[in-house]
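Using the sequences and the accompanying hints, generate a full structural model.
Just so we're aligned: the sequence shown equals residues 1 to 237 in my numbering.
Errors might be hidden in some of the hints.
[As the list claims (entries may be wrong)] In silico SDA-like links for lysine to any residue, alpha-carbon gap of 25 Å or less:
| hint | residue 1 | residue 2 |
| --- | --- | --- |
| 1 | LYS66 | GLU53 |
| 2 | LYS66 | ASP197 |
| 3 | LYS211 | VAL55 |
| 4 | LYS211 | LEU89 |
| 5 | LYS102 | PRO212 |
| 6 | LYS184 | CYS147 |
| 7 | LYS184 | CYS64 |
| 8 | LYS184 | ALA134 |
| 9 | LYS66 | THR178 |
| 10 | LYS66 | GLY42 |
| 11 | LYS184 | ARG12 |
| 12 | LYS211 | LYS66 |
| 13 | LYS102 | GLY122 |
| 14 | LYS184 | ARG227 |
| 15 | LYS211 | ALA92 |
| 16 | LYS66 | SER164 |
| 17 | LYS66 | PRO165 |
| 18 | LYS184 | ASP96 |
| 19 | LYS58 | VAL180 |
| 20 | LYS66 | GLN54 |
| 21 | LYS58 | PRO165 |
| 22 | LYS66 | SER129 |
| 23 | LYS102 | ASP198 |
| 24 | LYS184 | HIS150 |
| 25 | LYS184 | SER164 |
| 26 | LYS184 | SER148 |
| 27 | LYS211 | ARG231 |
| 28 | LYS66 | GLY113 |
| 29 | LYS211 | GLN226 |
| 30 | LYS102 | GLN74 |
| 31 | LYS58 | ASP167 |
| 32 | LYS184 | GLY233 |
Everything labelled a hint here was simulated from the structure, so no lab data went into it.
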Amino acid sequence: MVDSGHVTATLRLTVGDLRLAHPITVPSSPVPAAAVVPALQGLVNAVVSAAEEQVVHKGQAISCRKGCGACCRQLVPVSRTESERLLALIEAMPADRRTALKARFAAAAERIGLAGLAERAGRSDRELSSAYFALGLPCPFLEEESCSIHAERPLVCREYLVTSPADLCAGPAQEGVTPVPVPKLSVAARGLQDETDDWFPLALLLSRGRKPAHGARRRTGPEWIQRFLARMGQHQN
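Below, the structure is given as structure tokens:
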């Protein structure tokens, strides 16, 4: 269905052992990749909800709650496409909040640099993540132990839920933490615009993130979604 510059279709997907039908609405005209991030957020939300239903069906419960921000000290990998939307989000904020956020990002980047974690330096993703978590560095978007941009939070943040006691998430080795098995669609956003694109830590958004370059590649919304789905298939195989 096409309406006022947008097209809506129902995606029928099998992701891991989950099957779902999810309506998705995207711009019908050529747009930057960041313009389809809301649709990707909705798709990830649908997959996460399906995974939650499986957990509940088994008699378990999600222990994540507002005010429990231990996971917001983990390394959060963001793609170029997501970073473009997040940068626009910050620039649209009131001046006082924007200034406060930029100060927190600058402080986080300094700590990461002093710890020698600004570059991977031959570390595996797991090694880098463990060293980052050991810093106890709160996400710059974290306020009163809750995400201040919850509706716009990165895709990977949506995919992280646990059924174990919340206080275990603060442990240095994450011992006893039981994550909900959610298929990681977020990895398909990496390289969405260009195969050479990689992820970087969310805390380095202001130093690593870039606004779309003038003349950057545009595709129609359906074309971006098809590209995303193709990358999903590559990561599932």
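Structure-inconsistent hints, enumerated in ascending order: 2, 3, 12, 13, 18 and 28
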